[in-house]
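Start from the sequences and build out the full structure, keeping to the hints where you can.
Quick note: the sequence shown, position 12, residue 11 per numbering that gives the first Met the number 0, numbers continuous.
By construction, these hints were calculated from the structure, which means they are not laboratory data. Heads up, some of the hints might be wrong.
Stated by the list, open to error - Below 30 Å or equal to it, Euclidean Cα-Cα: the simulated DSS-like pairs (lysine-lysine) are:
hint, residue 1, residue 2
1, K3, K105
2, K93, K105
3, K3, K161
4, K93, K3
5, K149, K161
Claimed, not checked - FRET-style restraints, in silico, Cβ to Cβ:
hint, residue 1, residue 2, range
6, I145, T216, 18 to 24 Å
7, M175, S227, 23 to 29 Å
8, R113, D11, 17 to 23 Å
9, D217, H238, 35 to 41 Å
10, I145, E240, 41 to 47 Å
11, R157, Q257, 30 to 36 Å
12, D143, A24, 35 to 41 Å
Glycine residues also receive a C-beta, built at the ideal position from the N, C-alpha and C atoms.
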Amino acid sequence: MSRKRLLIIEDDPDVAELLLVYFGAYQYDIVHADSGRAGVELARARFPHLILLDVMLPDMDGYDVCGALRAASLTRYIPIIFLTQRDERANRVKGLELGADDYITKPFNVDELRLRVQTSISRATRESLHEPRSGLPTGALITDEINARKRSESPYHRLVFKLDNFSAYGDVYGFMAANDVFAFAARTIQTAISTMGTAQDFVGVRDDHFIVLTHVTDPTALISRVRSDFQQGVQPFYHFEDVEQGGLVLNVGTDSEQIIPLMDFRVEA
Numbered sequence: 000m001s002r003k004r005l006l007i008i009e010d011d012p013d014v015a016e017l018l019l020v021y022f023g024a025y026q027y028d029i030v031h032a033d034s035g036r037a038g039v040e041l042a043r044a045r046f047p048h049l050i051l052l053d054v055m056l057p058d059m060d061g062y063d064v065c066g067a068l069r070a071a072s073l074t075r076y077i078p079i080i081f082l083t084q085r086d087e088r089a090n091r092v093k094g095l096e097l098g099a100d101d102y103i104t105k106p107f108n109v110d111e112l113r114l115r116v117q118t119s120i121s122r123a124t125r126e127s128l129h130e131p132r133s134g135l136p137t138g139a140l141i142t143d144e145i146n147a148r149k150r151s152e153s154p155y156h157r158l159v160f161k162l163d164n165f166s167a168y169g170d171v172y173g174f175m176a177a178n179d180v181f182a183f184a185a186r187t188i189q190t191a192i193s194t195m196g197t198a199q200d201f202v203g204v205r206d207d208h209f210i211v212l213t214h215v216t217d218p219t220a221l222i223s224r225v226r227s228d229f230q231q232g233v234q235p236f237y238h239f240e241d242v243e244q245g246g247l248v249l250n251v252g253t254d255s256e257q258i259i260p261l262m263d264f265r266v267e268a
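Structure, rendered in structure tokens:
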């Protein structure tokens, strides 16, 4: 299974270092921001499975960061756990009302924090809110986003990115390697949207397909960027020989020998 991505938004260097070392030892991919604005940008660019968010930050408080993340379609559904020295009931209620999933008071026990992180990620997956390989929204969340755009009558493009030859790759390389490719495909789309799309663009997963709702006027450049980045980045997931011959050779030496090309995105508008 692909490693879970964790975004830590924390300006205290000692706390940040503790979390980086601790969660790194448990095989999390970790990104760190020491300010609220940097955290919002990293959330858009890296789409973590969960965010650990300090309330007291140098440029904006964690509540404003949470509000900004919940206001944008791209980051609306990422689970958030607040880390704070405040333990008053009013502050806890405020954080939860803004859409946070949990609230941990400093000083905290890191083992307990890890269990809460695992629980929040598992809950989102179990309730069919997040697709487990990518961490992207799925199920009813996609329907909600589409319906919201229909109600607003705001112009948008609905794109479906399908991975050609993904099943054949999984048959040869195994499901764990296929899961890693799927997660890479999700990051490729996420990165393109974060740099070329709008704040209200959305990406989710349905039946192994990526559903993109974008408000750019013409999605041609976005599609080209996704396909180009994926074609280049997917090659390291193959053996060198497969890349050299342009794909997977199946049924070698038989009348039914065939080459299955390297994976690529096919896009339906």
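Numbers of unmet hints, in rising order: none
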